[in-house]
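Peer 1: For the record, the sequence lines run as chains V and C. If you're matching positions, the first sequence starts at 1 in the working numbering and goes up one per residue. If you're matching positions, the second sequence starts at 806 in the working numbering and goes up one per residue.
Since the hints were made in silico from the structure, they are not lab data. Glycine included, C-beta positions come from ideal geometry on N, C-alpha and C. Be aware that a few hints might be false.
[Said to hold, decoys possible] The following label-pair restraints were derived from C-beta to C-beta distances:
(1) D1214(C) <-> I181(V): 24 to 30 Å
(2) L1257(C) <-> K264(V): 46 to 52 Å
(3) V73(V) <-> Q1004(C): 56 to 62 Å
(4) K168(V) <-> E1500(C): 30 to 36 Å
(5) V244(V) <-> G1187(C): 25 to 31 Å
(6) K114(V) <-> L1257(C): 48 to 54 Å
(7) D70(V) <-> L1390(C): 56 to 62 Å
(8) E1500(C) <-> K114(V): 46 to 52 Å
(9) K999(C) <-> I181(V): 52 to 58 Å
[To be verified] Which bits of chain V does chain C cover? Going by a derived footprint, with three or more residues having C-beta under 8 Å, they are:
(10) 75-83
(11) 86-95
(12) 159-168
(13) 179-187
[Said to hold, decoys possible] The calculated DMTMM-like cross-link candidates involving lysine to aspartate or glutamate, where the alpha carbons are at most 20 Å apart (straight line), are:
(14) K1020(C) <-> D70(V)
(15) K956(C) <-> D1076(C)
(16) K1020(C) <-> E85(V)
(17) K101(V) <-> D1465(C)
(18) K1182(C) <-> D175(V)
(19) K1097(C) <-> D1076(C)
(20) K114(V) <-> D943(C)
(21) K1020(C) <-> E69(V)
(22) K491(V) <-> D469(V)
(23) K999(C) <-> D1010(C)
(24) K1111(C) <-> D1169(C)
(25) K1020(C) <-> D943(C)
(26) K1025(C) <-> D89(V)
(27) K101(V) <-> D1224(C)
(28) K1509(C) <-> E191(V)
(29) K1236(C) <-> D1172(C)
(30) K101(V) <-> E1189(C)
(31) K1270(C) <-> D164(V)
(32) K1509(C) <-> D412(V)
(33) K955(C) <-> D943(C)
(34) K994(C) <-> E85(V)
(35) K1509(C) <-> D275(V)
(36) K430(V) <-> D472(V)
(37) K114(V) <-> D1339(C)
(38) K1415(C) <-> D1151(C)
(39) K455(V) <-> D412(V)
(40) K1509(C) <-> D317(V)
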Amino acid sequence: KQLEKLKFTSCWNCPFHLKWCSSSIQSPRAPELNCLMAEERRQKQCSVVLPSESMKAMAESMGVGQLQEDSCVALSEEVSYRIKEIAQDALKFMHHGKRRKLTTSDIDYPLKLKNVEPLYGFQSQDFIPFRFASGGGRELHFYEEKEVDLSDIISTPLPRVPLDVSLKAHWLSIDGVQPSIPENPPPATKEQQKAESTEPLKAVKPGQEEDGSIQGKGQSGTSAEVKGKEKLRMKPRSTHELSVEQQLYYKEITEACVGSCEAKRAEALQSIATDPGLYQMLPRFSTFISEGVRVNVVQNNLALLIYLMRMMKALMDNPTLYLEKYLHELLPAVVTCIVSKQLCLRPDVDNHWALRDFAARLMAQSCKTFSTTTNNIQSRITKTFTKSWLDDRTQWTTRYGCIAGLSELGPDVIKTLIIPRLTVEGVRIKAVMEGLVVSNIDKIGADHVQSLLLKHCASVIAKIRPAPDVVDQYRTDYGYLGPMLCSHVVKARTQAALQAQTVNRTTLTITQVPTTLTITQVPSGGSRTPSIIKVPSSLTLMSTRPATPTQPSPPATKYIVMATSAGAASTQQVTRQTLTSFLNRNTAPAGTYTVTTIPHRPPGLAKHATVTASPPPAPSPVPSSSLVLQSHSPAPSSSPLFSTVLQSPLQYRLTVPSSVPSSSPLTSSSFSPVLQPPLKSCPPVPSSILVLRPLFSPLSSLAIQPCLPAPSSRAVLQPCLPVCPAALSSSPVFHSRPPPPLQSCPPVPSSSPFLQPCLPVLSSSLVLQSCPPAPSSVPYLSPRPSVPVLQSPSSSSRPPVASLM
Amino acid sequence: MAAVQDGGSELEGEKEPKPELMNDGSTAPAAAPSSRPEDQQTLLAVLQFLKRNKLIESVDALRREAGLADEPEEAPGSEAAGGAGGAAAGSGELGDAGALLSRVSGGSQSAAAPAPAKGGDDQPDVSVVLSAYSQQGDPSLYQVYYSGLKKFIESVLDCHRAELSQLFYPLFVHMYLELVYNNHESEAKSFFEKFNGDQECYYQDDLRVLSGLTKKEHMKGNETLLDFRTSRFVLRISRDSYQLLKRHLQERQNNQIWNIIQEHLYIDIFDGMPRSKSQIDSMSGSLAGEAKREDNKTKVYYGLLKEPEIEVPLDDEDEEAENEEGKPKKKKPKKDSMGSKSKKQDPNAPQQNRIPLPELKDSDKLDKIMYMKEATKRIRLGPESLPSICFYTFLNAYQGLTAVDFTDDSSLLAGGFADSTVRVWSVTPKKLRKVKSAADLGMIDKESDDVLERIMDEKTASECKILYGHSGPVYGVSFSPDRNYLLSSSEDGTIRLWSLQTFTCLVAYKGHNYPVWDTQFSPYGYYFVSGGHDRVARLWATDHYQPLRMFAGHLADITCTRFHPNSNYVATGSADRTIRLWDVLNGHCVRVLTGHKGPIHTLAFSPNGKYLASGSTDGRVLLWDIGHGLMIGELKGHTDTIYALRFSRDGEILASGSMDNTVRLWDAIRAFDDVETDDFTAATGHVHLPDNSQELLLGTYLSKSTPVIHLHFTRRNLLLSAGAYNSQ
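In isolation and in its complexed conformation, chain V is listed as follows (with noise of 0.2 Å):
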């Protein structure tokens, strides 16, 4: 009886003494709560209890050692059983809140109800502050306490007082419909948008599939038809028809966009920026923007050009567009507002640069959005930007353009691409400068690359060049435009210091971007580094796998180019090639260029070819990186060429470095059919080119998808080849489309009622890409000749690619 009363006695305070034990226990396992929370969620029957270690911790932390195990298996039990419970009446709060996330409150109530101290100091609203690491066999959870420095806070603006609640009211429905209004959520959203353009079929109503697969069957004639009927059904079933109020709209908001009041254009795109029902006049807006670019580039209406500019930036504002699938009308219109060689009539008086420099932060950031690894629209970019500045001839007006394109892109570009060519450029803007005849029209430009060149690499240079700042130095470096880098830098270093003292985000607040044109803001902040490829983008060559490389390692830089083109049948023959270039961009004299082709098939390809440079006439080093070596494989019997053809433009190119006029055509065009003429005017970037084009111009490569068996030729080659530099120099391959993915190309063809002539285009790249590229370049070139001669605004006056068109 004594025995019974002791276990009864023992019942009663057990409980007691665990309740005590686990409530003093709980308020440091606030991490365990939140662990068994989730893991209550994740499994939701079984009974999880914490681990008896966990208790002796707890114990020994709070001085009780020589916990027997059986009572940490008790308190454990307890503990868990109690967190449980809280985590429950947790749910219940929660729930009265209106919430769907638990909060820190939510459970700090439950503790309340139960007599417990709430645990303080968790009020924050969404994050627990705890870190959670293991490692040796060690899990932990602990609280991540930086250091502050109190200065810091001290000297650190307050943060923006948060906004009082306040009460907006908006109709969700009128009569039973759901006007389209910023506060209502927009009638398609952008997921439906996409899978409504990436997987049409599944957009098709039953009703008119069924009807489809009957004809098919009714007509089961030769194959061809059938396959011809699948094919129209691959075309978007929806409707593009607007209703009157739509047309109406569309009427006023094109006509406030490009009018002449202010206030009302202002309106205009605010509305285009954010009304969640524009969806269906998309590829309107699209057509009205790259049509309006076209016609204005060729009446040099400047004034026009950055009232479209400011559309499209709108038009990318809106979040509840998918302009995916206008991308290829509307880049093209972007590009030639940043090259065009004439946007004004009076280039001397106009400011043309701005609209520049604008329409480079719109590709800046649309290569920001929209760049993927299939549609690879940043490496392509920049490919037609280098490519085109790296050409002698081109225009001071393109020049900027082309450089302001480049450097919106990121520090990282600018690096690799900008500050290696400082020399060369100086080199041109000294002979502007000084020079003396010279037209004003050129001193002008001059003047804006240079002012351009110092503004975008002087952050750079800051920030890669170790502190002290010699202008010698500089001046040894940079060629001519060394001295002013030097000062600039100079006041970069200063200014980055000086903000870092005041400001506390620097990052957020020093890449802001100043706006010229735009009432809306732009993009805010953050980095434009380009997010796909780290590497100098016009190193990397369009391969059917995403480019490979590297992160560029200063101070020596190796480069792997890989190229990928396809052999014959279907096995892909992958040509390697790796250009090790060592870049001593301070000091180093001109060094050893070692280039390796490595082709795995055939065999017979393998080459290696050292070239030993020698030393520049310039004074400067070489600014070797944009030196790139790149073959596709070509067809076996070109190899033997092939050798020749790597190392001659080359040598051409170390030996000339900066003044390369263009090297004669009949040169480099024997070398090989393969190698494309670009590579005579432009040898650093040779790769680019060939698929660059079929790319960018799927319209073109229609025309003559006919004659695509054509096997390769020097003869067909040939009566092309002057032509080629001048098609180099000018702009005209930015008016032509680019389809976005490479891969997967159904996006384009099925979505845009545009572009149904290129669902074919499209399959014919494809095609290019695949089949080796010498037939291909047939059907690319033919049409080129007559592209320069259209393109060139001042020597026609007709819309540069209606006969793209």
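With chain V's structure known, arrange chain C on it following the hints.
Peer 2: Chain C alone, transformed into the frame defined by chain V:
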């Protein structure tokens, strides 16, 4: 066989009157939900405990006081014996019936005796209550018992299977608890793991609680467990099915299960067809099973009170305006119909003075006139003419908006926030002004016509006023009908009454010691109701600091409270997944409505007082006929907790707002018409619910990541909705 049959009917004969006995016996609003037989059991348990601890004097004293003979002492023993000796079916049956009889009679004897174990304690003493579990069989056999029953139920005819399947859950719970109580931890665990998958999905929440409970010590203070113990799980089973079950259990001598059925389950037997699975599913789901039929038998006066006669002075301007619009004829008949309606006494309406209501003041009359004028301009809604919805979005609320209310005339909007503040906005151009200070008031000419204007302090005019006073999140706000007061209930356990003239706190009503989840003013003012975590709803009058009525009976938190339009009844929704309707006059629970599968978060009475709509965390809206106490509709469509429900002013449209960011409109008229309530269904409560949610859904309006937490129809039938923008 015949003996068995007779025994069965006899048993039911005994069982049936029991609840009535309870109802009659309890004069006061039941403070503790436990029924008399359970008191009796409690008493026995106490006695046993005392005896075991050799407190013989206390045993004697208690026994004397309770007026018990030695007889009940043997009761458990005899029960067990009866069960064990039930080899012969007939005798076992008799034995059981006898035991039950004795218990019932014992219960009636001791009905007057207060349970000493409870003392002053609000909550029943757990260990004593739990001791009912102390009778135990072999723990290892529990699984066998349960699976035996399972096998049996699976083998019976289809028509009975669904009904008998209801047994699974309560049996499972009680067997598990018995195992836990008797410290068979590992058996309990394996039992749980083996069979918890069989339970209906809507019991998952409770099962989760149960799964955490693995030790006897845990049982103390666990609310869910207490609920199970203190209330009998109610099942409705047809007579045929029940007899099938009984026969089986007796053949198998399955005493363990039979005992549980006897002690912890209340089987409500009805004559007639067994119900189908869907019928059962629609009604089950609450914490304590279905409602007993008897619970819903009381007559409810759901009609509306007669409107006081107020002559509507025909405003000349108004008249002219109407004439200009060319609709002078339409106005007349409307007026007439309204007049005739108010003259005719609704047979279902309560006596005008059943509940004393405050007298109308002049300002109230003016407001009534305004209301009638507005009502004439009201838009007739219907499936063809849907209301326009105006959404009030709270920006920068940082997830802190917890409650919203509009005034009836839609001029003011109040929001309760997690940061303990209450904010009042004026949604009309008229700004909010405070009354001048006392000193300034003294200087006012009290005789002037515009004295009401003059007492306001123009300097304080603003669109929003903040009321500080609570010390926890504000979970409920409610305007008084005359717009002079505002109520707010909070986590800190208080309900505060605020003046909207001075924007200060007038009273803090303390009574709930735990968070108060909801509060609402009566449609006639003066009274208000509140309910919270303490599971008791309270009725207050603004001029009393103590509650007038306490409505106890819910087994879990009361999550929402709502006054019937005639102010004679109060509906409460609870986390125990039931809705109860309480009579304000005597505090009785007159309706228990089961069918929700999750905590109920909102209630709405139809304007004619006949129907009730309720929304819960399971995303369904259920419609109830108050007169019959029947579920008459189920509206499926929402994907998350429904926080707001409102009928349009004429009751044609039901609007629901949910956490899933949508407002949905439902055709209420059709929902009510589609269900035919003939006498049979009314008597048995077995309704076939038409599955026509999609047809009833008139519109879905998605907001932009803004959960809808309040809805309100203006007097002209414009729908206002409110929620806090949730930027994520």
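Peer 1: Compare the structure with each hint and give your call.
Peer 2: Checked hints:
About 27 Å separates the C-beta atoms of D1214(C) and I181(V), a value consistent with the hinted range of 24 to 30 Å. As the Cβ distance of L1257(C) to K264(V) is approximately 47 Å, the hint placing it in 46 to 52 Å holds. Roughly 29 Å separates the CB atoms of V73(V) and Q1004(C), a value that falls outside the hinted 56 to 62 Å. Checked against the given bound of 30 to 36 Å, the beta carbons of K168(V) and E1500(C), roughly 34 Å apart, stay inside it.
V244(V) and G1187(C) have their C-beta atoms about 28 Å apart, which keeps the hinted 25 to 31 Å range intact. Checking the proposed 48 to 54 Å range against K114(V) and L1257(C) shows it holds: the Cβ atoms sit about 50 Å from each other. A C-beta distance of roughly 58 Å is found between D70(V) and L1390(C), which places it inside the suggested range of 56 to 62 Å. Checked against the given bound of 46 to 52 Å, the beta carbons of E1500(C) and K114(V), roughly 47 Å apart, stay inside it.
Judged by the Cβ atoms, the range 52 to 58 Å given for K999(C) and I181(V) holds: they are separated by roughly 56 Å. Taking a C-beta to C-beta cut-off of 8 Å, the segment 75-83 of chain V contributes 4 residues in contact with chain C, enough for the three needed, and the coverage statement holds. Counting residues of the segment 86-95 of chain V whose C-beta sits closer than 8 Å to any C-beta of chain C gives 4, which meets the bar of three, so the coverage hint holds. With 7 residues having a Cβ less than 8 Å from any Cβ of chain C, the segment 159-168 of chain V passes the three-residue criterion, so the hint holds.
With a threshold of 8 Å between beta carbons, the proposed coverage of the segment 179-187 of chain V by chain C holds, since 3 of its residues qualify and at least three are required. The straight-line distance between the Cα atoms of K1020(C) and D70(V) is roughly 15 Å, inside the 20 Å bound, and the hint therefore holds. Between K956(C) and D1076(C) the alpha-carbon distance is near 25 Å, which puts this suggested pair outside the 20 Å criterion. For the hint linking K1020(C) to E85(V), the alpha-carbon distance of about 14 Å falls within 20 Å, and the restraint holds.
For the suggested pair K101(V) and D1465(C), the alpha carbons sit about 14 Å apart, so the restraint of at most 20 Å is met. Taking the CA atoms of K1182(C) and D175(V), the gap is near 16 Å; set against the 20 Å cutoff, the hint holds. Restraint check: the Cα-Cα separation between K1097(C) and D1076(C) comes to about 14 Å, which is no more than 20 Å; the hinted pair holds. The straight-line distance between the Cα atoms of K114(V) and D943(C) is roughly 36 Å, outside the 20 Å bound, and the hint therefore fails.
The hinted pair formed by K1020(C) and E69(V) meets the criterion: a straight-line CA distance of about 18 Å does not exceed 20 Å. A threshold of 20 Å between alpha carbons decides the hint, and for K491(V) with D469(V) the separation of about 11 Å falls inside it, so the pair holds. Between the alpha carbons of K999(C) and D1010(C) the distance comes to roughly 18 Å, so the proposed pair stays at or under 20 Å and holds. Taking the CA atoms of K1111(C) and D1169(C), the gap is about 16 Å. The hint holds against a cut of 20 Å.
Restraint check: the Cα-Cα separation between K1020(C) and D943(C) comes to about 18 Å, which is no more than 20 Å; the hinted pair holds. Pair hint K1025(C) plus D89(V) holds up; C-alpha atoms about 16 Å apart against a cutoff of 20 Å. Restraint check: the Cα-Cα separation between K101(V) and D1224(C) comes to about 16 Å, which is no more than 20 Å; the hinted pair holds. Of the pairs offered as hints, the one joining K1509(C) and E191(V) holds, with about 15 Å between alpha carbons and a cut-off of 20 Å not exceeded.
Under the criterion of a C-alpha separation no larger than 20 Å, the hint pairing K1236(C) with D1172(C) is consistent with the structure, at around 19 Å. Using a Cα cut-off of 20 Å, the hinted pair K101(V) and E1189(C) is violated, with the two alpha carbons roughly 38 Å apart. Distance hint between K1270(C) and D164(V) is fulfilled; the C-alpha atoms sit about 12 Å from each other, no more than 20 Å. For the proposed pair K1509(C) and D412(V), the alpha carbon gap of about 39 Å is over 20 Å, so the pair is violated.
Proximity of K955(C) to D943(C) is assessed by CA-CA distance (about 19 Å); at most 20 Å being required, the pair is judged to hold. Proximity of K994(C) to E85(V) is assessed by CA-CA distance (about 18 Å); at most 20 Å being required, the pair is judged to hold. Taken as a hint, the K1509(C) and D275(V) pair is honoured in the structure, with Cα atoms around 13 Å apart against an allowance of 20 Å. The straight-line distance between the Cα atoms of K430(V) and D472(V) is roughly 17 Å, inside the 20 Å bound, and the hint therefore holds.
Straight-line distance between C-alpha atoms of K114(V) and D1339(C) comes to about 12 Å, which keeps the hinted pair within the 20 Å bound. Annotation: proposed proximity of K1415(C) to D1151(C) holds, straight-line Cα distance about 12 Å (limit 20 Å). Restraint check for K455(V) and D412(V): the C-alpha separation of about 15 Å stays at or below 20 Å, so the hint holds. With a CA separation close to 18 Å, the supplied pair K1509(C) and D317(V) stays within the 20 Å bound.
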